[in-house]
Amino acid sequence: MDLHFTSEQATPQEQAIVDAQVARMRGDIPQRSYLLPVLIAIQQRVGWISPGGLNYASNVLGVPPADVYGVADFYALLSTKAQALNVAHICDDIACANRGGAALCAAMEAALGPAGAGEATTWHHSPCLGLCEHAPAALVARAGETASSMLLPRATTGPLLAILAGAEPVRLPIETSLPQFGDASLKLLRRIGHVDPFSLTDYERSGGFAALRRAFEMGADAVMREVEASKLAGRGGAAFPAGAKWRSVLANPGPRYLVCNADESEPGTFKDRAVMEGDPYAVIEAMILAAFTTGCELGFLYLRGEYPLAHQYLSYAIEQCRAQDWLGANIQGSGFLFDIELRSGAGAYICGEETAMLNSIEGYRGEPRNKPPFPTQVGLFGKPTVINNVETLINIPGIVLEGGAAYAAIGTERSTGTKLYCVSGDVSRPGVYEAAFGITLRELLTLAGGVVGNLQAVLLGGAAGGFVTPEQLDTPLTFEGCRTAGATLGSAVVMPFNDQTDLRQVLLRIAAFFRDESCGQCVPCRVGVVRQQELLQRLSASAPIGDVASERALLKELGQAMRDASICALGHTASSAAESALSKFAIFQPR
Amino acid sequence: MSETTRNGATPLVQLAPDAMTPIPRGPLPILPSRPSKMIDLTVDGRAVSVPEGATLIEATRRLSIDTPTLCFLENLTPVNVCRICVVELEGSRALVPSCSRKAEAGMKVLTDSERVRLSRRMVLELLASSVDVSTAPQFQEYMRRYGAHPERFGAAAAPANEGERDAAVPGRHHTGHGHSAATAASVAQPVKVDNDLYVRDYGKCILCYKCVEACGEDAQNTFAIAVAGRGFDARISTEYNVPLTESACVYCGNCIGVCPTGALMFKSEFDMRAAGTWNETAQTQTNTICPYCGVGCTLTVHVQADKIVKVTSPMEQPVTNGHLCIKGRFGWEWVNQR
Amino acid sequence: MGGGTSSYREIEEADFIVLWGSNARETHPIFFHHVLKAVHRGARLFVVDPRRTSSAQWAEGWLGIRVGTDIALANAVAHEILHRKLEHGEFIANATSGFEAFRAHVELYTPEYAASICGIDASLIRALASAYASSENAQICWTLGITEHHNAVDNVLSLINLGLLTGHVGRWGSGLNPLRGQNNVQGGGDMGALPDRLPGFQHLENDELRAKFEKAWGVTIPPKHGWHLTGMFDAMDRGELKALYVIGENPASSESDQHRTLRLLQGLDMLVVQDMLLTKTAELADVVFPAAAGWCETEGTVTNSERRVQRVRKALNPPAGVLDDMEILRELAQRMGYDLGVKTAEEAWNELRPLSPMHSGMSYARLDQTEGLQWPCYDESHPGEQYLHARLWQWPVVGPLAPFTCANDEGPLEATDAEYPICLTTGRRLDSYNTGVQTGRYASPGRLREAIEISTADAKHLDVCDGDRVRVISRRGTVEAPVRVDATMRPGLAFLTFHHPDEVETNLLTVDFTDPRSGTAEFKAAAIRIEKLPLLAESQVAQAVTV
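Protein chains in written order, with the numbering used here: chain A, 3 to 593; chain B, 106 to 443; chain C, 1454 to 2000.
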């Protein structure tokens, strides 16, 4: 290509950062797919993506500079403007806002000035950081030669400022995220808190890789049949049968790719984080199993950029697995070849959408693709691709070991197995809970120590989900049960709000979230989420255009168009919470 | 002044010795056969057949159904982002974009159902409430057709200052909690004038991606512009919003050629509009051939009062596919100067 | 018949394309769009060019040969194809002649031998040969890098050899294509604006063909071919040519060895110039006929590089007092006592159709209905031919076989030496055209001021950097120019355009050696030396800037 560059040159440091990334590139996938890793590396060390650094990366990777800029400017954790080296991202999303998040933002403003200001140290508002059980959450990124970033639970002003200045944070043990810790009936969570997440030996001693050994004996066909028999449904939100997805990928000629969706970013969701921070090898074993069954030679683990600890564990675990022959050319002598590329997101909710994730991995803006064709046919690099969420995958070892039929016997007819629930909000014991499908909302809330205060509403499924009323507490938390209740299980967010919560503020925060996170590609969503936010603000300020009734009608129409005409699930669900709240609660009523 | 000296006597490709006698007439060239299966489907209750691989919009066009489009052009890869061409497909939960959805046997498609009309109207209202569509006559026709009332979303907010939208940071709108909701956010902003050939008025940009495609792989392959930012702040930009003169732009103007709203405009047209002298009804458009290199690009010459006011190229033209280079598109100034 | 054998559409569908002496990215940008479509489809692109041009930057293989060593390269490619047995034996046996002599001729040209002549790595020659010969559909495209040499015809013939050797001609997707440097260069040839041809490439010295025209026109046509343009200058030099009528040409700026050109033009008894603008040549003329802009103020046709005859239409009126070329010619003929008979472009065209079989099927109505038709188009039911020479694949071949030619490699006539150590080559840039008469009048934001481009090594040796002024001296003349250092240039090579004669009179330097068969001058190679000029004093800089 005949690329053209502006005159800005990279510093030696920037060149070294890019060169180091380039030296690690695989030869069998397009170079461009290293763009985001290169940009993240520059961001982490330099603190921003400078024009010189961008030119250098662009030249080395053969991606036009305007294109690289478009990618860099898409992600909230990358900065295309010079900014302070030490940055705190303070969560003021629905779970954190009323639990100290808003107050922490105010305190940061008092200490450091307005969001984004400050030369050495600054702060920003952040959407949900996936640490809702320990609200309020904050993410600290310290750039420089010894770059580091960390997710802080129960953040408070003093310690946060100290950490920004270089102090080391105090970590909470992972079992504090698992109120059921010690319960022998746990399946998916059984190792968490009991093993050293760094230790492959611990993993193997606690039954790790037994399923993979068994799978190698059974052969891929047999594993496929067990997965189909298990009726395992995808846990990412759409509940698509995993077996059918795998079968479909297998029907298309290779090369095939596996993508593990670890970009957990639905507000109120934190289960995958707990799994990856507590039992990282389980994710890797599950990926190898899926790849073995579907004939994939390379897997990508796309991890949320806000999960630095999980990144640390996973990247170490991948190295250990390579060293111990669990990944590579001939895994444990089975003749099976498979490796995993760990990729980080950089602050974009939309990249959890599977096709946006594919674009992000390929080095493009995280804009969803139109479907069909589906990723099972035309996925990563245009090849058939299995995409499963972390939680879906970690069910596989159990299915292999215990058999699909035994698995299908757990839960309900249409929702099989156990499920991880993310309980936060006005509840006594927030955390990740594992329960067989079929547990009712009431039972789950009881398990979590009950609601704090008088229950007003429960948000199910996160920002993209909907509300249920106190009268609907006997809803079984299955895919079909939630649907019947006019809600969605989604990513299994269960967030009760007591009567001290202003639901209108919750709706406004959700509307702001969608405005922030829409990728901007299609008109109904790009402008629709803005108009939705404005409309809710007008209602909130009692300043409707026309009257409240006509505003409510307009909101409905807007929701219909976003649902009908948007490209992806973000637009399809952006109005769900508002519409369910307006239909079930006495807010924004015409006088 | 076609200076034929430079290769007027170029040796010709002759696969026979300096033939004093003409080479006999040979057989006709054998063209590759492109067999294609036909697909039968139903659109608005009417049966129609299209070749395999054809999209739903082709099916609607075969039935003379005028499906509105904004981001679609035959000479560009469909990006299906504007969503105005959506149709209702039996069995599909959401509407589907007809510009890119391939026809399949037995599909039942509705192009004018209430659901379709609602989404199309809403797309028009969302755009017209946030973008200046005053130089987009086709868009205005669609607004009339679908009864769009963008004012339902309130009066447009004040325009951004120069560079303000270009400085937006992804994911940081919500700091504006509870800010005044009296006006509707818009992309209004000052026009970018950084060269003598064309202007970029992004207050008129509906973000159809066409210019990015024309600058990129679909035509020019120069990649001077891309979509930057996110959400409502997404915008067409050079790297770091540098002026075109510092960017990779080679001024082929193919972005102007595909822009559906006049956001990208010849400087000549922009200046005439500013002066109030632009008068399309008094203009003629004549197809002729570019006077420069030997490729033979068809130029559509737009003339007002015996002066060339701009040059375009027909999209369906096999040489250009609607695309030109800087000389063909802008190199006519001398004709007016005589 | 002479013309590019393939259609642009076939370029898009090719598996292999070599641009040989062509920087199509800048000089034929829309043709390059078709090339890029092929590249995006997975086609392999090679570029042969002494400079690493923007076209070359898209290529899988760039062969940065020494200027004027194309025949050695082509012969070595043939050698490699033969030694790897990648030739198309059946096609050679059935459709060509002279193969054995050709085989013997190229035997000498091992890739290593050619590499030493061309100054590139032999592996590149092997890569090009293997990619070309093993591709299903392969295209060779060339421009002035092949034809602006003293041995231009041999250059072209050596490329044609490759097409014959591999059967990459006469089939859909494979071909041999000169990209015409100027609008209607092809059409000019089609219409007989060649010294030895009548319209439709019919040979002037064929009595039967000439008689056909004589009958139609009611005149006697001289039976001997005339002069090429460069031949005319030689004739002026010999005193045989005393009056010149120049239509749409600017030889005063565009011809090589400008001192000589001006001297000869000024020595004419009479010079008549017919042009759209008052060119440098027109300034020398005794009589100037102001002409309408052919492309937008008149009706007619042109032919493009894929042999497509296209309609040119009148979009606006010329300025007052300006006539179109045909009107001027008709008026002139009238006053000289002859009635040309035809009044409109269409009438002239219809006069041609019965006389030129390859144009017979092209009525204005058909040309208007289509996007133009590709010749040959023998009758109104004939679709026109997307590619030429299909007959070579119908065996036994009707008509003459396609001959191989043994082309000897001869470097540029003016070799570099101790006194003139640098080879100056010339070319065009994207936003400008030829002598800049037209393109100099629009405000291209990317336009570069004329500067001599030299390699980093030569810049170091001369102790100059970007913007420093140098004196450029050839055996014919001297110009001053600023320097632009280009890291992609090979040492010993310099580059100038002739777009800005007001800034740098490049053609004061160029040589007027011409190919005796094509009459094209060797614009691509002149031996020069570069001398650093002393820095201007500050006051002079200020003065220069204000000027």
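Read the hints as simulated data drawn from the structure, not as lab findings. Note that the structure is predicted; figures quoted are calculated from it, not measured. Keep in mind that the hints are not guaranteed to be accurate.
[Claimed, not checked] Simulated pairs of lysine to any residue, SDA-like, Cα-Cα distance not exceeding 20 angstroms:
no.: 1; chain 1: C; residue 1: K1733; chain 2: B; residue 2: R167
no.: 2; chain 1: A; residue 1: K385; chain 2: A; residue 2: G29
no.: 3; chain 1: A; residue 1: K83; chain 2: B; residue 2: N266
no.: 4; chain 1: C; residue 1: K1767; chain 2: B; residue 2: R222
no.: 5; chain 1: A; residue 1: K558; chain 2: B; residue 2: D411
no.: 6; chain 1: A; residue 1: K373; chain 2: B; residue 2: A210
no.: 7; chain 1: B; residue 1: K213; chain 2: B; residue 2: E195
no.: 8; chain 1: C; residue 1: K1767; chain 2: B; residue 2: E195
no.: 9; chain 1: A; residue 1: K558; chain 2: B; residue 2: M143
no.: 10; chain 1: C; residue 1: K1985; chain 2: C; residue 2: R1902
no.: 11; chain 1: B; residue 1: K412; chain 2: C; residue 2: P1772
no.: 12; chain 1: C; residue 1: K1767; chain 2: B; residue 2: N266
no.: 13; chain 1: B; residue 1: K207; chain 2: A; residue 2: N372
no.: 14; chain 1: B; residue 1: K412; chain 2: C; residue 2: R1902
no.: 15; chain 1: B; residue 1: K412; chain 2: C; residue 2: H1493
no.: 16; chain 1: A; residue 1: K385; chain 2: C; residue 2: H1493
no.: 17; chain 1: C; residue 1: K1677; chain 2: B; residue 2: P127
no.: 18; chain 1: A; residue 1: K373; chain 2: B; residue 2: E193
no.: 19; chain 1: B; residue 1: K412; chain 2: C; residue 2: K1985
So, going through the hints one by one against the coordinates:
1. C:K1733 x B:R167: 56 angstroms, violated
2. A:K385 x A:G29: Distance of about 17 angstroms is within 20 angstroms: holds.
3. A:K83 x B:N266: Roughly 18 angstroms separates the two Cα atoms, so the pair holds.
4. C:K1767 x B:R222: 44 angstroms, violated
5. A:K558 x B:D411: This hinted pair is violated, its Cα atoms lying about 54 angstroms apart.
6. A:K373 x B:A210: 18 angstroms, holds
7. B:K213 x B:E195: Holds. B:K213 to B:E195 sits at ~5 angstroms (cutoff 20 angstroms).
8. C:K1767 x B:E195: Not OK: C:K1767 and B:E195 at ~52 angstroms, beyond 20 angstroms, violated.
9. A:K558 x B:M143: 40 angstroms, violated
10. C:K1985 x C:R1902: 19 angstroms, holds
11. B:K412 x C:P1772: Roughly 10 angstroms separates the two Cα atoms, so the pair holds.
12. C:K1767 x B:N266: The given pair, whose Cα atoms are some 45 angstroms apart, is violated under the 20 angstroms limit.
13. B:K207 x A:N372: Distance ~12 angstroms between B:K207 and A:N372 Cα, so the pair holds.
14. B:K412 x C:R1902: 29 angstroms, violated
15. B:K412 x C:H1493: Since the Cα atoms of B:K412 and C:H1493 sit roughly 39 angstroms apart, the hinted pair is violated (cutoff 20 angstroms).
16. A:K385 x C:H1493: 17 angstroms, holds
17. C:K1677 x B:P127: Holds - the C-alpha atoms of B:P127 and C:K1677 are around 18 angstroms apart, at most 20 angstroms.
18. A:K373 x B:E193: Given pair A:K373, B:E193 holds - Cα atoms ~15 angstroms apart, limit 20 angstroms.
19. B:K412 x C:K1985: It is violated: about 47 angstroms lies between the C-alpha atoms, which goes past 20 angstroms.
Checked against the numbered hints given earlier, the structure breaks hints 1, 4, 5, 8, 9, 12, 14, 15, 19 and satisfies all the rest.
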